[in-house]
Every structure is written in structure tokens, then in C-alpha cells.
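Trainee: Sequences listed follow chains X, Y, Z and P, in order.
Going left to right, the first sequence walks through residues 1 to 354 as UniProt numbering numbers them.
Going left to right, the second sequence walks through residues 1 to 354 as UniProt numbering numbers them.
Going left to right, the third sequence walks through residues 1 to 354 as UniProt numbering numbers them.
Going left to right, the fourth sequence walks through residues 1 to 354 as UniProt numbering numbers them.
I should point out that these hints are in silico values taken from the structure, not numbers from a laboratory.
Note that this is a predicted model, so its numbers are computed, not measured.
Worth double-checking, as some hints may not be accurate.
Stated by the list, open to error - Straight-line alpha carbon distances no greater than 30 Å define the calculated DSS-like cross-link-like pairs of lysine-lysine that follow: (1) Z:LYS58 <-> P:LYS353; (2) Y:LYS33 <-> P:LYS58; (3) Y:LYS6 <-> X:LYS323.
Residues per chain are reported as follows:
4 protein chains.
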Amino acid sequence: MIVITKSNIDNARIEEIVAYIERNEGVQAHVSKGTDRTVIGIIGQADPALGDHLRGMKGVENVIKVSKSYKLASRDFHPDDTIIDIKGVKIGGSNLVIMGGPCAVETPEQIDEIARLVKAAGGQVLRGGAFKPRTGPYSFQGVGVEGLAMMAEAGKKHGLLTITEVMTPEYVDVCAEYADILQVGTRNMQNFDLLRKLGTIQTPVLLKRGFSSTYDEFLNAAEYILAGGNPNVMLCERGIRTFETYTRNTLDLSAIPVLQSLSHLPVISDPSHGTGRRELVEPMSKASVAAGANGLIVEMHTDPDNSMTGDGVQSLFPDQFAKLLKELEQLAPLVGKEFNTEKEPAGAFVEWKK
Amino acid sequence: MIVITKSNIDNARIEEIVAYIERNEGVQAHVSKGTDRTVIGIIGQADPALGDHLRGMKGVENVIKVSKSYKLASRDFHPDDTIIDIKGVKIGGSNLVIMGGPCAVETPEQIDEIARLVKAAGGQVLRGGAFKPRTGPYSFQGVGVEGLAMMAEAGKKHGLLTITEVMTPEYVDVCAEYADILQVGTRNMQNFDLLRKLGTIQTPVLLKRGFSSTYDEFLNAAEYILAGGNPNVMLCERGIRTFETYTRNTLDLSAIPVLQSLSHLPVISDPSHGTGRRELVEPMSKASVAAGANGLIVEMHTDPDNSMTGDGVQSLFPDQFAKLLKELEQLAPLVGKEFNTEKEPAGAFVEWKK
Amino acid sequence: MIVITKSNIDNARIEEIVAYIERNEGVQAHVSKGTDRTVIGIIGQADPALGDHLRGMKGVENVIKVSKSYKLASRDFHPDDTIIDIKGVKIGGSNLVIMGGPCAVETPEQIDEIARLVKAAGGQVLRGGAFKPRTGPYSFQGVGVEGLAMMAEAGKKHGLLTITEVMTPEYVDVCAEYADILQVGTRNMQNFDLLRKLGTIQTPVLLKRGFSSTYDEFLNAAEYILAGGNPNVMLCERGIRTFETYTRNTLDLSAIPVLQSLSHLPVISDPSHGTGRRELVEPMSKASVAAGANGLIVEMHTDPDNSMTGDGVQSLFPDQFAKLLKELEQLAPLVGKEFNTEKEPAGAFVEWKK
Amino acid sequence: MIVITKSNIDNARIEEIVAYIERNEGVQAHVSKGTDRTVIGIIGQADPALGDHLRGMKGVENVIKVSKSYKLASRDFHPDDTIIDIKGVKIGGSNLVIMGGPCAVETPEQIDEIARLVKAAGGQVLRGGAFKPRTGPYSFQGVGVEGLAMMAEAGKKHGLLTITEVMTPEYVDVCAEYADILQVGTRNMQNFDLLRKLGTIQTPVLLKRGFSSTYDEFLNAAEYILAGGNPNVMLCERGIRTFETYTRNTLDLSAIPVLQSLSHLPVISDPSHGTGRRELVEPMSKASVAAGANGLIVEMHTDPDNSMTGDGVQSLFPDQFAKLLKELEQLAPLVGKEFNTEKEPAGAFVEWKK
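Start from the sequences and build out the full structure, keeping to the hints where you can.
Mentor: This is the structure we're talking about:
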């Protein structure tokens, strides 16, 4: 931590600040006088609150954090890529994993048919929501626990892992019973009780970036889960809120290489929610892989015009999904990634029924 | 809802869109051909998901919501101001209420001393956090349930209402047992399970705007609580995230008159978190009142340099707090507000001990 | 300037960085080793580009500016408020100045009638655009030089100063011939050739903040004019672009006290463009004055529904304008400001013709 | 244009609004009453200002644009891709063009050496600034007209086109004399006098997106140039300003497919300014191409640590540049693009001298 003083403060004030700092055990102040301002370096493990206090003190212009506030999530701490192995499917490192499926689980037939198509196209994980976070209280809120069972059944039958969103600590256990990966939605990235609860289990977690969160806050949210004892965390970029309204969000692809350099955790991209428009899913999926993503989570539906949530607007049709995966299979090796090594070639596209 | 087609689509496509709309019971389509595009008005109560589906259909350029998705929070539905009466303290309408206190409850002595000073200055509500939402897992997380008891005790002794933050549905009951008002923090504005739980009780709720939420999303979040059966909701503007980093957030004071015109609920301003800098609390408090706020929630601490959270940086000293309230008492009548009618003149400032 | 290294870099690399810094004349490096990272303070007057170079060097994590890049605009350099005296009207310090008028000058009759009403209400400056910056090339672009003459005439007749926007260096001289104050619009805040040209004259300049500019960039833009030799600069907050679309911009009122603390220049608020909605002009005008603004620039039109630009939507009617000024006159002394000392009491409202 | 009324307004008010609309020649109003609000469609070519006026009228809730305000830039107007042919180098369509070079031209030797390396790597255009837009007045402002001559000489010798930034209308002619392409910087995207001047010549223009501009504003800015008579416009995405500060800007890659669908103009990506960090240039260049960009503009310098501007921090070294182009050559065909068809295989990297 570094303290920068206001210009022209007197020595007595500097000494008071130094004394205030050194009251903290194991912490030393290191004063460096400039022509205009004085800079005080703080050496040792200081409590983050110390910086905030100092910022409020008389004579202090600014306080700058030097060390990161997260540790376990940091690549300094864990230089090698984390690779999460779930029943033989590897996520992280040079593997490119594709998660596909509907926004919401609707009926056993719907999820079974979509699972079949995800598998045929080369996907490895089936996505689907049973509990839906909705802006207004009068919208469809998901089919609930029954949906978890439907999805688990479909995943098992077609040889796919499953991922579903969990919204509150009390549902973590039941979701973990049915699904292979638990997703934390963008609105819950800083739902700290939920994060803490997820730290107490071992089920892998896909943590979505808050739509207005910085990289630093995102990694601190991951740190909550890691610090609780669950090392199986994936980060997911899903678009941030900006002034542009043509797209639902602005997919921040720089987040992929930045998060991979700051952290060892796998980084997944969500071009469906990140754009909110079906026609942008293909180019932004390719761009995500080219930027180095460890995987994609993509919405696909057999009948998007009649899906129960309105997210059909961004869902690919099954033939678009299969074509995309075929093209990603070609693109992956150019950026040092392998596409679904366990499987037959991608894009064995088959007919589907609505 | 209004559907705008792409330019130059043929009649057959328009008929398909109309047929798709009219499959919904009680909904009619009204076609209006322009020189370039066709506009289809949807008349009747359509499901919000219909609009999303339409947006994804071939030939559709855009879909525009005409009706608001919230009802109970809307001034159309409830033209008069909501005035919440808590043990004789009225919030809403022409009343100007001041809530003051520390970021976090620390010790019985600390909260008792601060309560005494809030009361002496003319405040009516004591604020203080027992559970603290913190970006990183290694920061001080609050003193917990014990803090609730300390604050309730201090409030009772000094004749103040109390307000505290609740972060998760399972803590709603215990917080409501001790505090007069429950606060939902900015990160939980869309924690829908928490909102639903708060709808099942009658304790007044101060709902903070998500730091990246629109007015529409904010009012939809309030709607969750209202729709559950709890009519006692206050809205709180506390700053939004922008590209400016000099202030912690950008306090959006236009939110005050806008929310008051869209809704009947009281609007409170938080200049402490909204700026994150002590020296800005006074001008932005006055500006909030001048913009028409129904109240303020302001951090005050007897010893901010040694507070347990780092939020001391934005806490007023007791003498600054007393002076501010004295000045607000003069300002209030100029904008049609009454300052704390139950009490002695503001700002009877007294000595304090750290 | 402070350089923060990456963690665990070796001594040789640190020495290279130090050597690189000390190649610059009059600059010294001051090394401070922490437990994790090393901090190198740079003492002396370093070129700003040095920091950028250092940021790109191997082993460097971050570079932090300590000194401000602007000097003449800074309160460190000029501790007293700048008060600009234009023909006896004082702008800055404890004076509250009101500038009012139409978005665009349209006809001699229009501007004369509006000038009469601005004066009657207690305004001191007549605003009006002759050259209009418009998003699209097919919109009305202003009446040009003729408009300047019409406005000068109306100002003279009614005893008002005049302010008009200048968009390009080649028009600076002609605008300065007719108007008392030249305005730089939000889109031109970083039109450096225009700023440099304005530095060569003595006519006062009202510089609007770029709608996506930081305080630091804003003060650096002012520095261009000051450094050229023109000390008569006013800063104008006029709203920034955020994700909220209900208001045209988000008026950032914290900018008022912040800019007044960083700089000695007067700060004017523009609640008309800052909100883009007529009904918000009154509350946000009052909030601006309560936050400490040195003046307001407000749109007023006798017939806004038929104005030549579309900005009628945010123009006050003359009676609203007169009422607002009357209320501001009462509010001003509560925040240490004096309203138009040269004149009769505000708000002597009179009938008007469209 | 569509007008949406407030709820529950009476028929008389609706008739007044209709009468107001129909005063405009060639414009018709089409009323459609909903259960709650009335929608009035405006048919015919209405002036954009009409919408703004209507928005300000009593009883009007909102006004929505249906037609785009730009025409010549729109793909509706010009369905085929624009391909700009400059001395045989084709920009647009399936061609992938690479522009490379330093931030600023410094000396004849510097620009000659860099030109040699751009050419050897497979680039087709040499970039370099002679006039530099700088935030503060005390930074290096470019070498001026002499720099234009140096760059023209280097381009000619090595068989490269040249591109340079022009900042003010009066310099357009001299810049066009020396350079093959003129660049409008992000701060000047809405410098309308500059845009108008560029419309009067035929030299191709690369127009950078304002760092806080919407797609709609960007295309309207292009429209100024096109409407003036210059059809040779390229659009350049260079990052927008968001709350994230780790990267200098947030490169919005969705802009590439969106602009290509709304417009026929070529879209170039600038990963150097779009990220502000050297290590992100490679992944974001690949992502840009994968998203469908028609070209890239990339900073490269033989000695970035000693460049005259501080932009060395984002400049690639020559070997990184050559490696990148070699990889892009492989990537291009996977997304339907051809890399520099006129040349030898990319990446014939050669030694360089600082």
C-alpha cells in the first residue's frame, strides 16, 4: 500500500501519519519525499481497512493498493492453469469445452431432444435453468426442482455433463445433487452468502461476472469460494453494461486474456447473454475462441419462438449450433486449443423436431 | 407493445407475425403500414415474454414496451404519495427524515454514543450494519446478531428508530425482530429470493438501487416486495458506477425527481456511499434535499480513523453532522419539506468522546 | 510518479529500470522494497511520456501519477477563486449568475422577446446558438453569422451579456466580435486546435465537460486555454453518458464541489442538457445551486413546441423560468451565494407573446 | 416515428397532437388506441426535430424513431459491401488489410526502418502520426508537416500506402497531399466542420468511433462525409470508455458484425488503442479477425521504450508483429477472408535496428 500526501503538508503531519501506520503490528512505513508531495510506502501485511482509513485522514491525497486483495485466485499463488476434471471432461488448459442448451428447462421431451442435439454437435455439457432470475415478479420463474430431475435424466441418457443456475444458499444442496456444475448468475456475483455456501462443497462452480463488476471484484468473488475450500471455480465473461443499447450487453473479450494472466482459473465466454442477439452469437463465439477462451456457454433451442422465457431471441437453432461447433473445431488448433478430444468429429448434424 | 418490422418485408411475413401474436388469448394486433417499415401494435395484456420472442423472429427489427412491467410501484396505480408511519415518525410526502450512524456497529459504547449524537442533532433514525457485505473474503464481516441487539438497545434509549442491512433470506426474521427498518444493499437489489422473503413481512424496507441498475429495474425490484404483500418500501439512490474514479460512485440526483414522478414511494438519498468522500457529503446532502429527497441516510462516526470497516473515509464527524442538519432545517421549507416535526430545533450540538 | 514492479522480479531488472529512469535529467529514482513487490518513486520533474514508457517495460506492474498534469487550472497554483468580471457582471466566488435563452437563435423577434423575459426574471446573460452541432447532417444547422448579430442586438437592448457556441478555430474571431462569452460544446472539449485558438484571445470561455470525460481530462482541456494566455475560463458540468436512458445524460453534481476543490475556476451547471427533460430542470437547478454552483445555464423559449431545433423538449416556458429564478434567489444565501446583485428583485414576471 | 401517449389522456389532447403532426407537409398520423395508452404512428418523411418537439408536448410519454437518420451509410440503401481500391490495395469485402506503424513519426530513419518491417511482415499500409492529439498541453504534440513528408517517402520506398491523422479542417489539404488515407481520431468523431471538409475531397477516410459514441451516432458521423460527396469511408472500432480501468478502453468487438449488418462500409479494428496494453494486442487482433473485421490498425515500433509519445506501452516489437501477421494469414480463410493477396507469404521476419 502506498500513501500519497497532499502537496505542502508539514513534517508534523507526516509523522502523525507514519505513527498511525506503525501502530499496526508487522507493518512499517517508508517515507520518500518528492519535490511536491511525500510518498509513504507501507511494508508488511496491512489490513485492507487501513488503506481506507488512511484515505480519510487529513493531509492524505490518495492511497494505492499494491498487493492484490485476492490470493488463492491469483496466478502469483498458483502459476499453472487449473484444469477441472469432471467425469473425464477436462475444463481449463488447452481444452475447449462447449456447453449448450436452452435458457430454461421446460418439459422432459424438450430437454431430451435438445440434449441429443448438443451431443451430436460435439458439445460436452448441457445447460438449462430450473430457477430463473427475472427482472419483474410477474414473469415465468422456472419449473423448479422438477426441472433439475428432467435435465439430469437427459444428461445421463446422452452422455453429457449438466450445468444449472443456483440463486440462493438454501438451494445449493439440491442443485448439487442433480447437476455436475453450478452456475452463479451475474446478479449474484456479490451474493456473499451464496458464495460462502458454495465454498463448503466440491461441486464445480461457473461464476458469471457481474454486469458492472471490475476484474478485481470478479476475482475477489471467486476468492470467496476458493477460500471456503472449493478449488473448482470457472470464471465466465457474459457482457457488461455500457451506454450502447443495440446489444443487450457489451461482451468484453479483453477479459479473457486479462483474467487468464491474473488468474489460473478457466475462463468461459457467454456470447448469448453477452450480446442478446442470435445473429451475433456466431461471430462472437469465434472471437471468444480466438481470444483464448477455455470454453463457451451457448443457448440453443429447437423452437426458440415458443420458449417459455423470452430468451429465444438469442438462442441458436440446432443447425446453426452444429455448424458453429464444426467451425470452432477448425479454429481451435490455430490458437492452441483442442476441441472435445473424447468424441467423434463435430457437427454430425441430425434432423430435429420442435 | 409495438413491433417494428424490417424494411421491405412481404405481406406473407407480416401475416405470420400477426397470426403468431393473435394466438395469445385476449391479445389483438393492429397493423399500420409506413412508407418504409410496418408497425404492429399489440393491444391487450400480453405476457412480457411475447415481446422477447417477437424480437427474435424473422422480419422483426425491434419491439418496444409501451406499458410498464411494474404496477404496484407505479404512480399510475397509486397517485398519492406513500407515507410510511413508524412509531409516529413519518417517511414520505412533505417530511424530511434523517438517518445517521456508523457504517458498522462495533461496541455497545460506540453505538450508544453515536445514537446520543444523532438524536441531539435532530436525526430520527439510527443506522448501523451488523452484517457487512465486503468485496473480499478477508475483510471484517460485521459483528453479527450481537450487533443487532446493541443497536436496538441504543435506539430505544435515545428515542431513535433503527435501520440495518439484511443480506440473505434466512436472516430476515432475526433482523426484523431487532430493527425498525431493513435495508437491502446495492449488490442485493436483484437478489430475488431476498426480495420475495421481504414481501412476506410488514417491516418497512429501504431498497438501495443497484449501482448499475436502471430506474425501470429498480422499480421492478420494489415490485417484488410490494407484490408479496409488504407495502412499506422506500427507494434509495446511492450512486451508480461510471468511468469517473475520483468519486467512489456517481450520485445520480435526477433519480430523485424521476422516481418520484414514476412512483409513489419515498425516495431517500445516500450521499456517503454515493460519493465515498467525506468532504462531498455536505454539498451533496444539500443538493439531495434541494432535488426533493424525502430523506437522507448519512454516515457519522465519533472516531472514523479507527472504525472497524474502512468506511470512515466517508463518515462525518459529529460536529459536521450537527452543522449539516442545522443547515438542512433551513433549506427544507424552501423546497416544501418539513424537518423532523417531533423535535427540538436541530443541531443542539454537544461534546463527544471517541 | 511511482513505479510498482511485478512480484518476484530480480535485482538486475530493478537496476535496469532505475537506470532507465535516471537517464532523464533532473530525475531521481528512490527504491523501496516490499515483502512482495518493489516500489520505485520518481523524484523531480519527469515528462509524462516517461510514465507511459515505464508502464510498457518488462517487470513493471503499474505506474501511478502523483503530480497533476495541469498547473494553471489547479488550486495548488492559484489558491483564490477566479472571478471573471465582464462589463461589471462578476462570475465566480460568491456570485450566482444565471444564463438563459433559446437553444438556437431563430429570428430577431424571437431573440428580442426572449431577452426581454430573461432580463425581467433576473438573468444576466443571454444564451443562444448560431451554429448548431447536430448528430446527423440533415438536421437544422443554425442560422449562422446573422444569428450572432441578432443576439448581440437583443443583448445590448436589454442590458444582458451574451454567450454563443463556437465550433471551429476559424470562427473564433467572428464569434468573439459579437458575443461576450464563447462556449465550447461537449463534443469539442478535446478539439485541441480550437482550445489553442481560444487561448490566444481574452474573451471569456465557458468550456463544457465532454460527456464522457473525467475531471482530470476536463481540467487538462481548460489548461490548453490557460496555457495559451487566456485566464478567463469557466467550467460547465452538463451531464455524462451512462447506461440510464430515461434522462438524456446523467447530470453529475458531485463535479461541482470536486472541480471547485481541484481548481479555482468558476463552475456552471447546465440542467437543461444535463437531463434533456423540462420537468427536471427546476429540481436539478436547485440541486446545482445547493451543491455550490457559481451559475446556471438554462434553456428558455417562448414557444418550445415550435422551436427550430428539437431542444424545445427541455426548454422552460417563460413563467417557469421566472418562478425558478425567484426561488433560486431565496436559496442562494443559504449556501453563501448572492443572486444578481446589480438588479431589482427576481421574478418580476411579465406576459409574453409566442 | 411513433408517439406513445401517457395513460388516460383524453380524446381532445390526442386530437391536438394529431393536428400538430399533420401540420407538417406529407406527414400523416395513424392512431391506435390500446387498453392503457394510445399509439400514434407517423407516416411519411418527418423532420427529426418533429420527434423532439413531440417528446416535449403535454400528454406524450415517449417518441420512438423507426427510420434511421442516416441513409447513405446504411446497408438498406447500398446492399453490397463497399470496397475501396487505393492504388490496387482493396479494403472491404473479403480482403483483410493490415495497417502497421508507430504512434508518431519521429525521424526519417525511424519511419523508414519501421516501413521496411511492416512490408516484410505482410502489412499493406504504414500508419504514423504527424500531429498528435494529447490530453495535456505540455505533452509532445508531433513533428508536424515534416513528419508527413518523412512518412510519404518511407511509404513510397517500401511500397506501402500511408495513413495519418488529421485534426482540423485547415490541415485536411496538406495531409491529403502526402497521405493515402486520412484518419479522424476518436475525439473528433463529432467535429462536424472537419467531417464536412472531408466530404469535399475523395481521399479515403478512416473514421474512428468516439470512445463514448453509439453505433447510431457513429454512422451519422460517417453520413456527414458521405453526404458531402466522398464515398470512401472506413469505420474503425477502437474501444469505448467503461468503468473498467485495467485496460485503457474496452474494445467492443460486437461492433464489427453489428456495423457490417447496418452498413456497407469496411470495418477496421484497432486493438492497440482499444486495449492500451501490448500483451493484449495479439489475442484481440485474432479475435477481431474472427469476428469478421475487414482489417486491423496495429502499433509497432522498433524501440517502444524510447518512443516520443508514451504509446510505446501498446506497441508490438517487430518480431511480435511479424509473428502475429503470420498467424492471421492462417486464421483469415477460416472466416472467409483473404490476407494480402498481392504479396509473398506473411512473416518473412528480418532483423531490425533500434
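Trainee: For every hint, state whether the structure bears it out.
Mentor: Going down the list of hints, with the structure as the test:
The hinted pair formed by LYS58 (chain Z) and LYS353 (chain P) meets the criterion: a straight-line CA distance of about 19 Å does not exceed 30 Å. Among the hinted pairs, LYS33 (chain Y) with LYS58 (chain P) is consistent with the structure: their alpha-carbon atoms are about 26 Å apart, no more than 30 Å. The hinted pair formed by LYS6 (chain Y) and LYS323 (chain X) meets the criterion: a straight-line CA distance of about 26 Å does not exceed 30 Å.
Hint violations for this structure: none, all hints satisfied.
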